[in-house]
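Participant: Kindly produce the complete structure, drawing on both the sequences and the hints.
4 protein chains.
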Amino acid sequence: MFLGIDDEKFLRQEKIPMTKREIRILTLVLANVNDAEIIVDIGAGTGSLSIEAALFSPDSNIFAIEKNPDAVELLKQNIQKFSVDNITVLQDEASKALKNFSAIDVAIIGGSGGKLEKILDIVDEKLKIGGHISANFISIQNLSTCLDWLKRRENYHYDAIQVQINRLKKIGHYDIAQANNPIYILTAKKKE
Amino acid sequence: MFLGIDDEKFLRQEKIPMTKREIRILTLVLANVNDAEIIVDIGAGTGSLSIEAALFSPDSNIFAIEKNPDAVELLKQNIQKFSVDNITVLQDEASKALKNFSAIDVAIIGGSGGKLEKILDIVDEKLKIGGHISANFISIQNLSTCLDWLKRRENYHYDAIQVQINRLKKIGHYDIAQANNPIYILTAKKKE
Amino acid sequence: MFLGIDDEKFLRQEKIPMTKREIRILTLVLANVNDAEIIVDIGAGTGSLSIEAALFSPDSNIFAIEKNPDAVELLKQNIQKFSVDNITVLQDEASKALKNFSAIDVAIIGGSGGKLEKILDIVDEKLKIGGHISANFISIQNLSTCLDWLKRRENYHYDAIQVQINRLKKIGHYDIAQANNPIYILTAKKKE
Amino acid sequence: MFLGIDDEKFLRQEKIPMTKREIRILTLVLANVNDAEIIVDIGAGTGSLSIEAALFSPDSNIFAIEKNPDAVELLKQNIQKFSVDNITVLQDEASKALKNFSAIDVAIIGGSGGKLEKILDIVDEKLKIGGHISANFISIQNLSTCLDWLKRRENYHYDAIQVQINRLKKIGHYDIAQANNPIYILTAKKKE
Numbered sequence: 001m002f003l004g005i006d007d008e009k010f011l012r013q014e015k016i017p018m019t020k021r022e023i024r025i026l027t028l029v030l031a032n033v034n035d036a037e038i039i040v041d042i043g044a045g046t047g048s049l050s051i052e053a054a055l056f057s058p059d060s061n062i063f064a065i066e067k068n069p070d071a072v073e074l075l076k077q078n079i080q081k082f083s084v085d086n087i088t089v090l091q092d093e094a095s096k097a098l099k100n101f102s103a104i105d106v107a108i109i110g111g112s113g114g115k116l117e118k119i120l121d122i123v124d125e126k127l128k129i130g131g132h133i134s135a136n137f138i139s140i141q142n143l144s145t146c147l148d149w150l151k152r153r154e155n156y157h158y159d160a161i162q163v164q165i166n167r168l169k170k171i172g173h174y175d176i177a178q179a180n181n182p183i184y185i186l187t188a189k190k191k192e
Numbered sequence: 001m002f003l004g005i006d007d008e009k010f011l012r013q014e015k016i017p018m019t020k021r022e023i024r025i026l027t028l029v030l031a032n033v034n035d036a037e038i039i040v041d042i043g044a045g046t047g048s049l050s051i052e053a054a055l056f057s058p059d060s061n062i063f064a065i066e067k068n069p070d071a072v073e074l075l076k077q078n079i080q081k082f083s084v085d086n087i088t089v090l091q092d093e094a095s096k097a098l099k100n101f102s103a104i105d106v107a108i109i110g111g112s113g114g115k116l117e118k119i120l121d122i123v124d125e126k127l128k129i130g131g132h133i134s135a136n137f138i139s140i141q142n143l144s145t146c147l148d149w150l151k152r153r154e155n156y157h158y159d160a161i162q163v164q165i166n167r168l169k170k171i172g173h174y175d176i177a178q179a180n181n182p183i184y185i186l187t188a189k190k191k192e
Numbered sequence: 001m002f003l004g005i006d007d008e009k010f011l012r013q014e015k016i017p018m019t020k021r022e023i024r025i026l027t028l029v030l031a032n033v034n035d036a037e038i039i040v041d042i043g044a045g046t047g048s049l050s051i052e053a054a055l056f057s058p059d060s061n062i063f064a065i066e067k068n069p070d071a072v073e074l075l076k077q078n079i080q081k082f083s084v085d086n087i088t089v090l091q092d093e094a095s096k097a098l099k100n101f102s103a104i105d106v107a108i109i110g111g112s113g114g115k116l117e118k119i120l121d122i123v124d125e126k127l128k129i130g131g132h133i134s135a136n137f138i139s140i141q142n143l144s145t146c147l148d149w150l151k152r153r154e155n156y157h158y159d160a161i162q163v164q165i166n167r168l169k170k171i172g173h174y175d176i177a178q179a180n181n182p183i184y185i186l187t188a189k190k191k192e
Numbered sequence: 001m002f003l004g005i006d007d008e009k010f011l012r013q014e015k016i017p018m019t020k021r022e023i024r025i026l027t028l029v030l031a032n033v034n035d036a037e038i039i040v041d042i043g044a045g046t047g048s049l050s051i052e053a054a055l056f057s058p059d060s061n062i063f064a065i066e067k068n069p070d071a072v073e074l075l076k077q078n079i080q081k082f083s084v085d086n087i088t089v090l091q092d093e094a095s096k097a098l099k100n101f102s103a104i105d106v107a108i109i110g111g112s113g114g115k116l117e118k119i120l121d122i123v124d125e126k127l128k129i130g131g132h133i134s135a136n137f138i139s140i141q142n143l144s145t146c147l148d149w150l151k152r153r154e155n156y157h158y159d160a161i162q163v164q165i166n167r168l169k170k171i172g173h174y175d176i177a178q179a180n181n182p183i184y185i186l187t188a189k190k191k192e
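Protein chains in written order, with this note's numbering: chain P, 1 to 192; chain A, 1 to 192; chain W, 1 to 192; chain U, 1 to 192.
It is possible that part of the hints are untrue.
No distinction is drawn between identical chains; accordingly, a pair holds when it is met within one copy or between any pair of copies.
Said to hold, decoys possible - Keeping only pairs whose Cα atoms sit at most 27 Å apart, straight-line, the calculated DSSO-like set for lysine-lysine is:
| no. | residue 1 | residue 2 |
| --- | --- | --- |
| 1 | K170 | K67 |
| 2 | K170 | K189 |
| 3 | K15 | K169 |
| 4 | K20 | K170 |
| 5 | K191 | K151 |
| 6 | K151 | K118 |
| 7 | K191 | K96 |
| 8 | K20 | K169 |
| 9 | K20 | K189 |
| 10 | K151 | K115 |
| 11 | K189 | K99 |
| 12 | K191 | K170 |
| 13 | K128 | K67 |
Think of the hints as simulated: they come from the structure by calculation, not from any bench. Fair warning: this is a prediction, and the values are worked out from it, not measured in the lab.
Facilitator: Here you go:
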């Protein structure tokens, strides 16, 4: 079991987003990933969340869903680099890829390509009772859409935090705070 | 293995500080606690970091050091409540309690009672090569003292972040951000 | 001309919200209040924004709109305390009070009592070209509603920031950061 | 009188730092700049604080101190661009340039070139009773040095805040928070 991979260890590409270390740690822990059998990572991008989940919870089966072919290529390279064998890559639209699932424990939503509500609807159909949705939002619109979606349902308990990380960078004798962009981490648990 | 205890599950007392959930998670993961044999938790307070560490890393031996008798009492009650058997409570000044150790893997510094430099000096004597110091600071003075201490040494690699968590609180139909006080988490690894 | 009243100088009441000093300063400066003839302060509450505006821009006429009778009482006491003579208090629903205006330079929206969209619609009717809407949001829902409203229009240029202030509190020899809740400040300028 | 210049209006150069709009506004307002006769801007850099002060307080005399010749050149170009006539540029080490002053109302410390304590000592000699020191810090070390300096004196009342501004950037239909680096703004008033 391992948690907390250095960001530098991932292969990266300029236009493909990557969830940063502290956000990965919090997202996966708050979603109870280590108890999960089936984890889907929607909008897997660089694959950092999938790979972190694969190492943190080696008995889970993780399905990394990503439609962008460049990102899929990068994702596969990262999977190889970290030698994890519990990730399956699905190159498809999230709404299509999710159709084949029957019982998801954790759905991680990193990217939604403008179709958040549709994705939430299909995740909801497939998510086990007691399962978790864990979503990272950088836009006010997607955060707001997800909050609205949850408020229309009575069978989810959710908790949302905004996380801002400032890293002290060493410049000569000085330590100077450098801001990461803030992220909203929303965790919703499905109730009976 | 478990990580991410709800804050509400700990028994608390008004004047005894408690490290909050997200800060506990990041502190323990960034310090590589799950690989550690011997962990000391200096200024253990409510015991939340010790107990979180005990569940996250069940094979570790955790020594919770706390001088305040009220905090020791509370700490013991929390240990009992969580039924963990890998925590030993040491009721003493940190500098005295640490004298008996020979090889520490992780030293967590939650509170230092105004004696940070002295504590760092003795931790340094006892820390294994490859071991971690993980400190949470709420004051500029202690953060600055620790950075100075590290800069005078060449055998530590450190990384420091400031973490600010805003929790969305549900008030009627609204979700309103409520700020936690920001914390600096400093992690230092001892090199050869 | 004066800007930057100490928070402690305002008379306050527990359930009536007050915009804090740094937020008042930024809100008023970013809205170009000092060039305005007619300013409306919607949901004036304690009156801190109205009074700050009255001192910052003594030639402006400020209309403080507030429906809650307790807040109106407090607001009037604060106006008297600061001896400003360019504030008129209107005790009414915002949407009604605004009907009598013809040419507003700056509309400050502190509180909207669940009727933000309706208030924006009527403000839009009354706002001069070149005039500013300046809104403070603590909820994701109101921020999101306002962003949606602006995106449906082409004649507004807007800029939004989230402001987080941590104040260093002196505790013994230490300076310890205490977080204020973060606020979104949105400023929109009406174009031709 | 004007306050709140757009950042884009300043001529800039890559390696010369510039204080951002919201930080300029808060720094100048919290230092009571509009009541000041004599203002010194130490480490003036791009000149954004000096020029903002010159427009905000047209009756003040502002002395922009900067030793770096490239920054001085840029500073002069910006002064010309904004057509302000109440700034005098002093190209020298701060400690030397300050020797000729007798009664300073506001000393703004933007940059200190590693000599903060020496600068504070000479500012203290020249500052009027009732005058303000206003300093912006990005490093923990300078913040800590300044706090220590203030704690050794009894004739200063100080207030320090950390300001974090996240600007919502429009990307397609979305508004996405982009973080500015956090800044500490410390304001100290000299008492009898």
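Participant: For every hint, state whether the structure bears it out.
Facilitator: Going down the list of hints, with the structure as the test:
Only between protomers do K170 and K67 lie at most 27 Å apart by alpha-carbon distance; the minimum there is 24 Å, versus 39 Å within a single protomer. In this assembly of identical chains, K170 and K189 lie within 27 Å of each other by CA distance solely across copies; the values are 16 Å between and 40 Å within a copy. Within a single copy, K15 and K169 get their C-alpha atoms as close as 24 Å, and across copies as close as 17 Å, so both meet the 27 Å cut-off. Taking the closest pair of Cα atoms, K20 and K170 come within 27 Å of each other both inside a single copy (19 Å) and across two copies (22 Å).
Proximity of K191 and K151 under a CA criterion of 27 Å is satisfied intra-copy only: 14 Å inside one chain copy versus 36 Å between copies. For the homomeric pair K151 and K118, the shortest alpha-carbon distances inside one copy (16 Å) and between copies (22 Å) are both at most 27 Å. For the homomeric pair K191 and K96, the shortest alpha-carbon distance inside one copy (25 Å) is at most 27 Å, but the shortest distance between copies (44 Å) is not. In this assembly of identical chains, K20 and K169 lie within 27 Å of each other by CA distance both inside one copy and across copies; the values are 16 Å within and 20 Å between.
Taking identical chains as interchangeable, the C-alpha atoms of K20 and K189 lie at most 27 Å apart whether they share a chain (23 Å) or sit on different chains (21 Å). Proximity of K151 and K115 under a CA criterion of 27 Å is satisfied in both settings, with 18 Å inside one chain copy and 19 Å between copies. For the identical chains of this complex, K189 and K99 are intra-copy neighbours only, at 21 Å inside a copy versus 46 Å across copies, given an alpha-carbon limit of 27 Å. In the homo-oligomer, the alpha carbons of K191 and K170 lie at most 27 Å apart only across protomers (18 Å), although the nearest pairing inside one protomer, at 46 Å, exceeds that limit.
Taking CA atoms no more than 27 Å apart as the test, K128 paired with K67 passes inside one copy only; the shortest distance there is 25 Å, against 46 Å between copies.
When held up to the earlier numbered hints, the structure conflicts with none and fits them all.
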